[in-house]
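My request is simple: use the sequences and hints to build the entire structure.
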Amino acid sequence: MPAYIVPEAKGLQPGQKVVVSVQGREIGIFNVGGRLHAIRNVCADQSGPLCQGDIFGRIDAEVTPDRQLREMLLNDRPVIACPWHAWEYDLETGECLWNPRYRVRVYAVEVAPDGTVTVTM
Amino acid sequence: MSDRNTQNAGGDLPQPQPSKPARLIVDTDAHYYENPRAFGQYLDEPWRTRLERWTGLYYAPIAAASRTHDVHLGGRMKRKELGLPVTDCRDGVLEIMDYLGVDVTVLLPGMLLGIAEITDKRRAVNLCHGFIEHMLNETVDPARGVYTLIVASTQSPPDAADLIDRYAAHEGVCGVAMMTDAPFLPFGDNYYVPIYEACVRNKLPLVLHSGYGGPEGHESGYGLQTYVENHIAFVFNNMRQMTSIIFQGIPERFPELKLIFQEAGVFYVPLMMFRLDSEYSMRRSEVPWLKKPPSEYIKSFYFGSQPLERVPQERYLKYIFEMMDAERTLLFATDWPHSDFDAPVVLERLSFLSEAAKARILGGNACQVLRFAPKGPLAPAEPAPSMANTVVGGD
Chain C
1 MPAYIVPEAK
11 GLQPGQKVVV
21 SVQGREIGIF
31 NVGGRLHAIR
41 NVCADQSGPL
51 CQGDIFGRID
61 AEVTPDRQLR
71 EMLLNDRPVI
81 ACPWHAWEYD
91 LETGECLWNP
101 RYRVRVYAVE
111 VAPDGTVTVT
121 M
Chain P
122 MSDRNTQNAG
132 GDLPQPQPSK
142 PARLIVDTDA
152 HYYENPRAFG
162 QYLDEPWRTR
172 LERWTGLYYA
182 PIAAASRTHD
192 VHLGGRMKRK
202 ELGLPVTDCR
212 DGVLEIMDYL
222 GVDVTVLLPG
232 MLLGIAEITD
242 KRRAVNLCHG
252 FIEHMLNETV
262 DPARGVYTLI
272 VASTQSPPDA
282 ADLIDRYAAH
292 EGVCGVAMMT
302 DAPFLPFGDN
312 YYVPIYEACV
322 RNKLPLVLHS
332 GYGGPEGHES
342 GYGLQTYVEN
352 HIAFVFNNMR
362 QMTSIIFQGI
372 PERFPELKLI
382 FQEAGVFYVP
392 LMMFRLDSEY
402 SMRRSEVPWL
412 KKPPSEYIKS
422 FYFGSQPLER
432 VPQERYLKYI
442 FEMMDAERTL
452 LFATDWPHSD
462 FDAPVVLERL
472 SFLSEAAKAR
482 ILGGNACQVL
492 RFAPKGPLAP
502 AEPAPSMANT
512 VVGGD
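Those protein sequence lines, which keep their order, are chains C and P.
Take the first sequence: its letters are residues 1 to 121, numbered as in the working numbering.
Take the second sequence: its letters are residues 122 to 516, numbered as in the working numbering.
Everything labelled a hint here was simulated from the structure, so no lab data went into it.
No false leads were slipped in.
Negatives, chain C to chain P, calculated, CB over 12 Å:
#, residue
1, ALA3
2, THR64
3, THR93
4, THR120
Negatives, chain C to chain P, calculated, CB over 10 Å:
#, residue
5, PRO2
6, GLN23
7, LEU36
8, GLU62
9, LEU69
10, ARG70
11, MET72
12, ASP76
13, GLU95
14, ALA108
15, GLU110
16, THR118
Going by beta-carbon spacing under 7 Å, a handful of chain P positions derived as facing chain C:
#, residue
17, GLY196
18, ARG197
19, LYS199
For every residue, glycine included, the Cβ atom is placed at its ideal position computed from N, Cα and C.
The following block contains the structure:
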């Protein structure tokens with residue numbers, strides 16, 4: 001698959017994002033804790049502007065051995081929430097958290113030594 | 122997360138996709154954030170001063186979920202932050218209609234959605250009065266497709282009937298509304314007859330709009346803890362009122378009364394049709410005034426589409442639509458600006474609907490049941506230009 005340089009993403013700092021059009025597709029590139037993620041800017045629910053949403057740690061839970069519920073916040077598992085209806089997607093996989101049959105395209109991002117950012121799509 | 126560069130993000134406001142199709146779209150249920158303090162000027166004393174200086178929550182106990190829960194999920198939902206307009210004035214309403222691709226909107230007051238749960242009858246009556254004056258004076262605009270409903274105070278049906286008689290003729294009014302979370306007598310009771318008579322007398326449809334239950338609301342959601350749990354009370358409330366209306370014979374007594382149930386989705390409709398038919402099949406003698414099975418009455422009602430259920434296979438919705446005769450009974454509704462709003466795309470994308478069916482559900486059915494003025498987006502089409510002097514073809 002071809003890689004495309006995204007000049008707007010060069011120098012993106014942790015906590016910053018950029019929404020750009022690459023080959024006619026609107027994508028968001030997010031710097032989360034120093035790592036870049038790229039995801040399509042269309043929510044699988046109602047085509048809302050996904051990349052205008054914020055990044056959150058994944059809230060998860062487990063059943064404990066004594067059959068109680070224990071919640072946890074996983075800050076190393078970033079998710080993006082659509083600003084329209086809060087559908088959450090795993091930034092690594094694009095998988096929707098409430099139902100994995102929904103998915104948004106994610107793209108591999110690479111940063112060259114000179115800071116040039118490329119997205120493979 | 123800061124936006125470092127959003128020049129390619131699609132202009133000032135994100136646009137829903139796909140782009141608006143070329144058909145009339147009527148939003149039969151959108152909400153408006155009124156300022157009750159502005160109502161006072163339309164009321165007689167002592168309510169004028171009382172509302173202007175009110176020190177409590179005007180509508181308490183209202184919708185527990187919207188008051189005490191984390192409605193926007195810690196910032197996961199952020200429509201306000203996107204710069205989407207607040208629908209508390211005519212300009213904001215017009216802006217959001219344009220954003221959603223809606224030609225005609227029917228506004229209900231956001232805070233009055235919980236009015237059925239207050240116990241203070243005089244306050245309820247005055248709030249309904251102040252609201253309709255406020256809307257008619259400051260917000261409705263039929264020429265631009267902005268309409269409202271007269272909210273009937275279920276706490277005092279004779280007062281509600283007076284309000285309907287007084288304001289029904291205004292062309293910005295397209296119907297009457299009652300809230301189905303009313304915790305008192307269910308709507309089949311004789312107590313509400315003055316409201317039904319007033320709707321019939323004024324040829325206005327009656328919207329039955331749902332609301333929350335528990336944990337601070339009434340018993341339909343009693344004991345349910347989180348927002349995601351107690352939101353199901355929207356369905357319970359409509360089911361309860363529909364059961365009462367049918368079995369107490371309201372459609373037989375008021376056959377001209379058009380009823381529109383809002384904000385409970387669509388899957389409960391077939392459930393009610395066949396559950397009530399089954400009960401009726403065994404116990405017809407308890408309700409001998411019914412002249413046909415409950416499902417037949419239900420198919421004479423109309424239903425708002427929102428929140429349209431998300432299903433794993435589209436054909437499930439297709440079956441529901443068939444059972445409820447959705448092409449004739451379903452009305453598109455956004456519920457904007459609430460957290461579970463639907464854009465027109467939820468219906469536009471259904472492959473089993475013909476273009477004609479989409480046109481009816483997205484706008485045509487609403488024009489049949491709600492009383493819109495023939496102006497603005499609903500003006501009759503201009504007659505086609507005469508072809509008499511047009512040269513067709515050529516040399």
